[in-house]
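*Asks:* Sequence:
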Amino acid sequence: MADSYVLGWILCSVMALVALCGVVLRRQKWKGISMRTEPVKTVLTRNGECGSADASHADIIIVGAGVAGSALAHTLGKDGRRVQVIERDLSEPDRIVGELLQPGGYLKLIELGLEDCVEEIDAQQVFGYALFKDGKHTQLSYPLEKFHSDVSGRSFHNGRFIQRMREKSASLPNVHLEQGTVTSLLEEKGIIRGVQYKTKDGRELTAFASLTIVCDGCFSNLRRSLCNPKVDIPSSFVGLVLENCHLPYSNHGHVILADPSPILFYPISSTETRCLVDVPGQKVPSIANGEMANYLKTIVAPRVPPEIYDSFVAAVDKGNIRTMPNRSMPAAPHPTPGALLMGDAFNMRHPLTGGGMTVALSDIVVLRDLLRPLHDLNDAPMLCKYLESFYTLRKPVASTINTLAGALYKVFCASPDQARKEMRQACFDYLSLGGVCSAGPISLLSGLNPRPLSLVLHFFAVAIYSLGRLLLPFPSPKRIWIGARLISGASGIIFPIIKAEGVRQMFFPATVPAYYRAPPTVK
1 MADSYVLGWI
11 LCSVMALVAL
21 CGVVLRRQKW
31 KGISMRTEPV
41 KTVLTRNGEC
51 GSADASHADI
61 IIVGAGVAGS
71 ALAHTLGKDG
81 RRVQVIERDL
91 SEPDRIVGEL
101 LQPGGYLKLI
111 ELGLEDCVEE
121 IDAQQVFGYA
131 LFKDGKHTQL
141 SYPLEKFHSD
151 VSGRSFHNGR
161 FIQRMREKSA
171 SLPNVHLEQG
181 TVTSLLEEKG
191 IIRGVQYKTK
201 DGRELTAFAS
211 LTIVCDGCFS
221 NLRRSLCNPK
231 VDIPSSFVGL
241 VLENCHLPYS
251 NHGHVILADP
261 SPILFYPISS
271 TETRCLVDVP
281 GQKVPSIANG
291 EMANYLKTIV
301 APRVPPEIYD
311 SFVAAVDKGN
321 IRTMPNRSMP
331 AAPHPTPGAL
341 LMGDAFNMRH
351 PLTGGGMTVA
361 LSDIVVLRDL
371 LRPLHDLNDA
381 PMLCKYLESF
391 YTLRKPVAST
401 INTLAGALYK
411 VFCASPDQAR
421 KEMRQACFDY
431 LSLGGVCSAG
441 PISLLSGLNP
451 RPLSLVLHFF
461 AVAIYSLGRL
471 LLPFPSPKRI
481 WIGARLISGA
491 SGIIFPIIKA
501 EGVRQMFFPA
511 TVPAYYRAPP
521 TVK
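Just so you know, we're using full-length UniProt numbering here: the sequence shown kicks off at 1 and counts up by one.
It is possible that some hints are incorrect.
As a list, the in silico DSS-like pairs of lysine-lysine whose alpha-carbon atoms are at most 30 Å apart [said to hold, decoys possible]:
id: 1; residue 1: Lys283; residue 2: Lys297
id: 2; residue 1: Lys283; residue 2: Lys421
id: 3; residue 1: Lys283; residue 2: Lys499
id: 4; residue 1: Lys385; residue 2: Lys499
id: 5; residue 1: Lys478; residue 2: Lys421
id: 6; residue 1: Lys297; residue 2: Lys318
In short, the hints are calculated from the structure, not lab data.
All values derive from a computational prediction rather than experimental measurement.
Please construct the entire structure, taking both the sequences and the accompanying hints into account.
*Replies:* This is the structure in structure tokens:
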């Protein structure tokens, strides 16, 4: 009898202990999810950083507050979503790329209601390009006749533009912008539930949301679990700022087809001009021991237009020389419930054509339109399946700009191969013809005509134009051989890029089932 009482007492004790543990665990879990329940108060700190007092449980977490992250936060916040943005450093960025927004990107900025972010930062209007080669030059204007006079490209200091967008997104009461470093994604049974991050003062915190969007840039440490990253680094940019420099064509980007690779000039304020010197390969001359300054003065300076020469040398002598690797990475996502990749963390192309921000803003428009019909984001597997259409719907703009950037860079780089030389010269001459020969390619580059088929037609029109010049008036065996290699080389440039982009999604998106995916119905 006594044994029965003892056994009963032990069982009761165990059950009470289990119940107590359950209560404690539920309370801890509840604390972890709702640790930010006070109303959001947006603030602007003394050093210009955007922030807010606290945030409630978010619908969406955005990792990174660069161009893509800030624009996305404002867009989703304006649609009524509760958004938490976690950015590693909220001080003003200082970069040498992301400074030229094409007209197609500016139209997307208007569509998102962010066009005022290029105001009050001394941004400059850009109306086209000037192309220089071997002492000759040609002007390529954007086809803006059908648009409002305010529509054009914009060039600016990247950091100023980003800060304006951060301020605008942080002004929304349902957007919480804070500084912290996301260390990992929180996964439960194959579904991303949120993030773990370290705050500015070193605290380790977790944040939970129905959808986590990773926009942490080209150096992303989170994308490996969400895509198959194949990053290529074909070259590096060496950046300089020229002061009070008068470019040959005002309000135009300037591209010099130099040996071994292109040199870019474009205004970033009313008194400053950005110079980007492309250095092929992954190794660049050392800045510390003076090799870079010597390279710029002896190899690069003789190839810049005479009007820019003195300002260029003065900028080199001033010594504020910076470098940045140029990365390209095709989009190869692993659809993951509860998470999505965007911006440079998701897809990169050579920055020669300045198309990165246009692609990012276009992607945001596509995602916004997909999410608008949804009131509930909690069914992660269903949402993941629905958002597979995002990868197809983004293709016309993204694949056109990506393919053009990769192909144009390879054509513009100097080569000892005679066929490549012919292709390079033919490209310059083709663009110099004017009419559809210049308006077509420049409309593709500007993001105003995102049609992959048009891109392929113009690319091979250049190749055929070059072939015709070789074979006329009298073809010789040597010229026929060069022509054959030219066509083969052109195919070898563009077809691998198209393959990486996805032939079916690029040219026949309507044949992809995800293209027609309807919003999930609420049960």
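*Asks:* Each of the hints needs a verdict: does it hold here or not?
*Replies:* Tested hints:
no.	hint	in the structure
1	Lys283 with Lys297	18 Å, holds
2	Lys283 with Lys421	24 Å, holds
3	Lys283 with Lys499	28 Å, holds
4	Lys385 with Lys499	24 Å, holds
5	Lys478 with Lys421	15 Å, holds
6	Lys297 with Lys318	13 Å, holds
Comparing the model with each earlier hint shows no violations; every hint is respected.
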